[in-house]
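Trainee: Sequence:
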Amino acid sequence: MPPLITREEALALGGLGDPADIEALVERAWRARQERFGDSTDMCSLVNAKSGGCAEDCGFCAQSRYAEAETPMHAMMEPDQILE
Numbered sequence: 005m006p007p008l009i010t011r012e013e014a015l016a017l018g019g020l021g022d023p024a025d026i027e028a029l030v031e032r033a034w035r036a037r038q039e040r041f042g043d044s045t046d047m048c049s050l051v052n053a054k055s056g057g058c059a060e061d062c063g064f065c066a067q068s069r070y071a072e073a074e075t076p077m078h079a080m081m082e083p084d085q086i087l088e
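For the sequence shown, my numbering assigns the number 5 to the initial residue and increments by one for each residue that follows.
Check before you lean on any hint, since a few could be wrong.
Said to hold, decoys possible - FRET-style restraints, in silico, Cβ to Cβ:
{"id": "1", "residue 1": "Asp46", "residue 2": "Thr10", "range": "47 to 57 Å"}
{"id": "2", "residue 1": "Ser49", "residue 2": "Glu74", "range": "19 to 29 Å"}
{"id": "3", "residue 1": "Ala66", "residue 2": "Gly18", "range": "20 to 30 Å"}
{"id": "4", "residue 1": "Ser44", "residue 2": "Met80", "range": "28 to 38 Å"}
{"id": "5", "residue 1": "Glu88", "residue 2": "Ser44", "range": "16 to 26 Å"}
{"id": "6", "residue 1": "Ser44", "residue 2": "Ala24", "range": "27 to 37 Å"}
{"id": "7", "residue 1": "Met47", "residue 2": "Leu15", "range": "26 to 36 Å"}
{"id": "8", "residue 1": "Leu17", "residue 2": "Gln38", "range": "18 to 28 Å"}
{"id": "9", "residue 1": "Ala28", "residue 2": "Lys54", "range": "42 to 52 Å"}
{"id": "10", "residue 1": "Gly18", "residue 2": "Met81", "range": "37 to 47 Å"}
It is worth saying that the hints were derived from the structure and are not from the lab. A quick note: this is a predicted structure, and the numbers were derived from the prediction, not measured. Glycine is no exception: its CB is placed at the ideal position from the N, C-alpha and C atoms.
Make a model of the complete structure from these sequences and hints.
Mentor: Rendered as structure tokens:
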């Protein structure tokens, strides 16, 4: 699916400074959400199924076994624990 707006359009919207323009954008976004999804919500959550000790060496990630961050470590959780 192609993007709904171009990068330039997104940057222009992000650069809005006039409160009236920002309010108009928020109102239009609200209407678009209502038209597409109504009042429904979709709940989701993230589970840290395994913490620390990752074999990869991604310089930005504290989960790597090579990172200097004090990341608490635990083994992979059991499927039943994840589903709770």
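Trainee: Starting from the hint list further up, note which numbers the structure goes against and sort them upward.
Mentor: 1
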